[in-house]
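> Following the hints, put chains V and X in place on chain H, whose structure we already have.
This is what each chain is made of:
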Amino acid sequence: MSVLLYVGAALFCIGVLGALMLRNGVRILMCIELMLNGANLTFLATANSTPEPGVAQTMVVFAIAVAAAETIVGLAAIVAMYRSKGWVTIEKFNLLKW
Amino acid sequence: MTELWPIILISVPVIVFALLTVTLRNIMHAILSLILCLLSLALVYVLVGADFIAAAQVAIYVGAISILILFAIMFTRDKEGKQLVHIHRQYPIGIVVALCLLVMVSFFIYKSDVDLTTLETNHGYNSVEGIGKTMYGIPGSGKPTEYSIPVEMASFMLLAALVGGVEMAKKKEDEV
Amino acid sequence: MEPHIILTFLILGLPLLGFVTIGLCGKIAKKWAQYVGTATIGVSLILSFILLFMVISRNAAYPVTSFTWFETGKYVLNFGFQIDSLAVIMLVVVSTVSFLVHLFSMDYMKGDPGIARFYAELQLFTVAMLGVVTASNLLQMFAFWELVGLCSYLLIGFWFHKRSVFQAAKKAFFVTKVGDVFLFLGIFAIFYFSGTLDFGSLTSGFKALSETILIVIPLCIFMGAVGKSAQFPLHVWLPNAMEGPTPVSALIHAATMVAAGIYLVARTIPVFIADTTGIALTVVMMVGAVTAFMGATIATVQDDIKKVLAYSTISQLGYMVMGLGAVYAIGGNHPSYAMFGFVAALFHLMTHAFFKGLLFLGSGSVIHATHTQNMHEMGGLIKKMPITGWTFVIGSLALAGFPLFAGFWSKDAIIGAVWSNFAHGHNTWALVAVVLALLGAFLTPYYMTRCVWLTFFGKPRKENHAHEGSWKTTLPLVWLAVLAAGVGFVGIPFWGGDGLIPNFFQSFLGNAYFKATHFISGNATLNIGTTLTDPSHGYETWSQTNPTLFFGAIIIVFAGILTGLIVYVWRPKLKVRLINGLRPIYIFLKNKWYIDEAWTFVAVKPFLWVAEFSSKFDAKVIDGAVNGVSWLTVKFAGVVHWFDSHIVDGAVNGVGWLGVKLSTITKWFDENVVDGLVNGTATVFGETGKQTRKIQTGYLPNYAAVMFASVVVILLIVAIFAL
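Chains as they are written, first to last, in the working numbering: chain H, 1 to 98; chain V, 1001 to 1176; chain X, 2001 to 2723.
With the rest of the complex left out, here is chain H (with noise of 0.2 Å):
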């Protein structure tokens, strides 16, 4: 059944790879929200091999909350920099630069 784990390994990693490759910031959004289901996934895929598989649920449902507050700051985000430049486009934001 490990081939869940191969699944949830592949989710993850697209995530990571439209995160470091996307030029729109709600598209990297998306990403990171593959991401947080490739994790999900591994989850459960463990959880009926552990002792107490109501853990791994909880802690799953913990995750999708966060992704929720993560999804909610990060589009308010987006929108206040469109607001304020016109742009989402990632790479155009340089406020980091020295």
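Bear in mind the hints are in silico, worked out from the structure with no lab data behind them. Please note: incorrect hints may appear among the correct ones.
[To be verified] Straight-line distance between alpha carbons at most 25 Å, and here's what the computed DMTMM-like set of lysine to aspartate or glutamate pairs gives:
id : chain 1 : residue 1 : chain 2 : residue 2
1  : V       : K1111     : H       : E52
2  : V       : K1171     : H       : E52
3  : V       : K1133     : X       : D2304
4  : H       : K85       : V       : E1167
5  : X       : K2575     : X       : E2468
6  : V       : K1170     : H       : E70
7  : V       : K1133     : H       : E52
8  : H       : K92       : V       : E1146
9  : X       : K2170     : X       : E2071
Just chains V and X now, with coordinates in the frame of chain H:
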């Protein structure tokens, strides 16, 4: 013991739609494939016996978060015109890093020898009741569980995120 | 609720109330902020004294009262107050100094536009410090500990418009954070092994641990103290912290906050004793000894009056740490512990708080009157400011260890404790520590004589219109002078019978404290307390101190004062000859042992190399991507070129680089000597900042890529080493 082949069968669209999410140029197509990816993932959850999570997946991810992202996309149409290239110039780094990560994680999974063959769908634990008991404790016992603090923190964090999101995204009065 | 808990709540709550009131309405009411602040601390001071007498009359600690803070699963974290002799002594010391500093600041900060903010921050600091000393578990203490650090940061950076000021504040914050990280690791370890953080049962899970872990845990805790109490090599922040207002230096960076590290080690001393090899305590002792010696040597060449006092503070904190390290164990399975060093360290903490607070307030009074901090621009002030002058002299005598003044008793107690560690604990390192301590004890009166003479005596070297401040300035000085002169008598060793009879301070602190808190509860696991609860045992160590040492210390003090007088008063020409004759040493001291430079080399330079490398790498990758197909070629060429220019040339250039570096360093020192000013720190930090920021390309995907690449690297390391 659940059969293996349905899980593999449903894993294929998961991976394919995930890849499409990342690679499609049109952002609307991308969000559609993300929704499909998440839906097929919910099916996988059903197959491993996590019914409640599957329902939550559909309700929260497919229902709420996707719509939120959809709205965000519509709010943030690029004023400089359509983007011709959806990936940036340093994309080779991304590919290399993601591949390395995949290799490393797969190596660890391969090495770890996890035996997941006993995929009993234990509904006693996986039911909503089981999750609730894990998170909040047995009703009436008055004893908090290990997770009562995280539960409180998660709810508090959601509230904070909500307030923060409203504050960040709302129009400032001077820039109406 | 029991009366002592109500009192504790009031003592902490009143300044907190003051902080909230001033913080919320300070802008409206700049005028009354100072009165509210001083009043709340005044009441807290009175209540602290009441609590002190309650504990004295009870002759034992109160049982710890705790409330459940939160519980999760099987772990319960409490929030409570531990009112024992150690806590009440600290309470009284902190609230006394804090009250006097509040009073003093009324004059000193008069007319400052930020006076309300100043008082609000002072109040918050006082709450935090009182919280540190009354906390009943490590986590609670750590919370207040960080709050104290925050207030220190805010108050150092009080005049944040000046560049050097906020840099000093940042430096203080970051350097102490280095220690705090280790402290937090130590707290984690204790919680992991013992399952509790209550001070009474810290070591409850230590029985099965290996020796190495038992050494590492106390050293982690000690690192927190090293950062906070400015011990070698993390002392570099304290001299810079003198950029803050002088009353702040008196309260935070001399009397109370820097002593929090000593208090931490004292509170967690069972963790240190649990290390039966004694290595941890020896490390503590040696760090203290080196710090004591180093601080004293550097203080002899400083020109800024506050810097002299700052290095003197570092030195004195070194003495306290050395005293704590002198707690020792004899034997294996049934150890008996010499608590003498413990008592001596806390005794010195108390006396030092008073006389160093006095000295700083005195220097503040002088700076306020003359508008300069350079001692060479002062002189002859004793006639213009007699009260400040004479109280400063009293403080200096106390610091120098002049017989009968407070510092004399406490410093000798520490040296005696270290000596008994050598003589009866058979620890050879203790002999080194004693020698360093005695050298420091010689240098202390020397630099204080220099400081007093340059500031208050001789002819005025510069025109000024100095005059004494109002009663708000002089009252704290007189008050502290009385304490600096007299407080030592609570801890004097009387002779009698076959040895020294215990004094009040020791029986109050030592017995009540050891009996009530650690050693009964720690008993179960480590055999601690079997001997210590026997009251006669603690006394034994007094007779183990060496009377020869006692008189030797007096002679050393007089020798130091005499040397100071000879060099600065009677034979001024000797000074020039000394400086010329001992030029290498002089330069070494002027540059503060090159410790700032060493930190630059160890911590900052490697970072710069990485930055340089990655900025080159970055440039090449970007070029390559733009060039599309030729990317690989360019990359390859770049690598070859890089290899050629860095590895091949690098080997050749390396030698040259070293030479150039050496010569630039030498040049830099030369310039410093010529100028006679040692303010290179700011320059060094500015330059490193300029170089370091090149690593920040601002290109967001780069940051993410670096993050995930690091994950890959970590996984690789794990795969190689752990599988």
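> Check each numbered hint against the structure and report the violated ones by number, ascending.
Failing hints, ascending: 2, 3, 5, 8 and 9.
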